Amino acid sequence: MSLSLPGGFRFVSPLRDGARRLLDLVLPPRCLSCGEEVGVAGALCAGCWQGISFIAAPHCARCGLPFDYDPTGEGTGNLVCGACLARPPNFDRCRSVFAYDDASRSLLLGFKHGDRTDCAPAFAQWLARAGAGLLADGDVIIAPVPLHRWRLLKRRYNQSALLALELGRLTGRPVLPDLLIRRRATPSQGGLTAKGRARNVEGAFVLNPRWRDKAKDARILLVDDVFTTGATVGECARALRRGGVRAVDVLTLARVVRPVILDEVGEAG
Numbered sequence: 368m369s370l371s372l373p374g375g376f377r378f379v380s381p382l383r384d385g386a387r388r389l390l391d392l393v394l395p396p397r398c399l400s401c402g403e404e405v406g407v408a409g410a411l412c413a414g415c416w417q418g419i420s421f422i423a424a425p426h427c428a429r430c431g432l433p434f435d436y437d438p439t440g441e442g443t444g445n446l447v448c449g450a451c452l453a454r455p456p457n458f459d460r461c462r463s464v465f466a467y468d469d470a471s472r473s474l475l476l477g478f479k480h481g482d483r484t485d486c487a488p489a490f491a492q493w494l495a496r497a498g499a500g501l502l503a504d505g506d507v508i509i510a511p512v513p514l515h516r517w518r519l520l521k522r523r524y525n526q527s528a529l530l531a532l533e534l535g536r537l538t539g540r541p542v543l544p545d546l547l548i549r550r551r552a553t554p555s556q557g558g559l560t561a562k563g564r565a566r567n568v569e570g571a572f573v574l575n576p577r578w579r580d581k582a583k584d585a586r587i588l589l590v591d592d593v594f595t596t597g598a599t600v601g602e603c604a605r606a607l608r609r610g611g612v613r614a615v616d617v618l619t620l621a622r623v624v625r626p627v628i629l630d631e632v633g634e635a636g
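Residue numbers (the numbering used here): 368 to 636.
Don't take each hint at face value.
[Claimed, not checked] Here are the computed lysine to aspartate or glutamate pairs in the DMTMM-like style, where the Cα-Cα straight-line distance is at most 25 Å:
1. 521 to 459
2. 583 to 506
3. 562 to 459
4. 562 to 468
5. 583 to 569
6. 583 to 504
7. 583 to 459
8. 581 to 506
9. 581 to 504
10. 581 to 459
11. 581 to 545
12. 521 to 482
[Unchecked claim] Label pairs and their in silico Cβ distance ranges:
13. 397 to 551: 36 to 42 Å
14. 468 to 523: 25 to 31 Å
15. 477 to 517: 21 to 27 Å
Derived by calculation from the structure, the hints in this document are not laboratory data.
In this text, all values refer to a predicted model and were calculated from it rather than measured experimentally.
Backbone N, C-alpha and C fix where the C-beta goes; we use that ideal spot for every residue, glycine too.
Sequences are here, hints too, so could you generate the full structure?
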């Protein structure tokens with residue numbers, strides 16, 4: 368039995384707590400990344416934790432790109448990167464948990480392509496912390512970046528939908544897994560340039576007519592696994608705005624900060 372308490376805390380009954388402890392004795396919790404035994408389920412070992420480049424301020428107020436330092440020294444959080452100044456994105460704000468690099472690659476790709484769906488609850492906790500400012504508004508509706516039905520059939524799960532659903536359970540925010548429809552099967556984004564990625568997903572998404580009234584004038588929090596160039600989430604935001612959505616924020620598990628081999632991150636944004 369589990370009871371919700373004010374402030375988001377939860378009371379877990381002694382019976383359930385005892386069952387969890389017994390399970391931990393039989394199947395000790397393992398690090399989400401390397402598999403080393405850890406103290407609690409859904410955690411990283413000390414070595415893997417230190418290797419992950421978690422993103423924190425200072426960063427771009429629009430796209431969330433981390434800065435090496437705050438040139439103003441004021442810590443206001445209102446700095447905008449050159450790319451966003453030159454070409455403002457279709458979304459309002461984007462935040463990400465960690466940088467996609469050598470240390471986080473296996474963690475992200477294991478979840479995305481390796482059936483590591485067990486990681487979703489822990490990842491949702493990280494997303495809730497990184498996106499606290501985006502989740503603060505009372506009318507936020509969470510929605511994932513959709514997969515085309517043929518890709519979903521092949522992969523068997525949409526990793527972004529898993530993140531969105533777990534984030535909704537954790538925060539109490541409503542989730543619409545099918546708010547967006549991917550109306551055509553786009554080739555993988557892997558290996559494409561930024562312009563090629565944008566062309567690849569152009570017009571690929573549409574607001575689900577079923578939710579048009581509910582989404583009108585709402586603030587949507589779009590969840591994805593990784594932000595690469597922003598092409599996918601940008602096109603999703605465009606489709607949402609065409610459908611009458613008031614504002615679109617983006618929350619991702621990882622984001623590319625420095626050049627990587629784009630083949631690895633596939634169809635992600």
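Assess, step by step, whether the Cα of residue 562 is no farther than 25 Å from the Cα of residue 468, and give holds or violated. Holds, at roughly 22 Å.
Verify the CB-CB distance for residue 397 and residue 551 against the hinted window 36 to 42 Å. 39 Å, holds
What's the verdict on residue 521 and residue 459, does the C-alpha distance respect the 25 Å limit or exceed it? Measuring from Cα to Cα gives roughly 32 Å; hence the hint is violated.
Given the proposed pairing of residue 581 with residue 506, does the C-alpha separation stay at or below 25 Å? 11 Å, holds
Against the range 21 to 27 Å, how does the distance between the Cβ atoms of residue 477 and residue 517 compare: consistent or not? 23 Å, holds
Given the proposed pairing of residue 583 with residue 569, does the C-alpha separation stay at or below 25 Å? With Cα atoms ~22 Å apart, residue 583 and residue 569 stay inside 25 Å; holds.
Hint consistency between residue 583 and residue 506 [alpha-carbon to alpha-carbon, up to 25 Å]: 11 Å, holds
Against the 25 Å threshold, does the CA-CA distance of residue 583 and residue 459 hold or violate the hint? 16 Å, holds
So if I understand the rule, the pair passes when the alpha-carbon distance is 25 Å or less; does residue 562 with residue 459 pass? 21 Å, holds
Return holds or violated for the Cβ distance of residue 468 and residue 523 against the range 25 to 31 Å. 28 Å, holds
Quickly compare the C-alpha distance for residue 521 and residue 482 to 25 Å and report which way the hint goes. 12 Å, holds
Measure nothing beyond the straight line between the CA atoms of residue 581 and residue 504; if it is 25 Å or shorter, mark the hint as holding. 16 Å, holds
Of the numbered hints stated above, the single one contradicted by the structure is hint 1.
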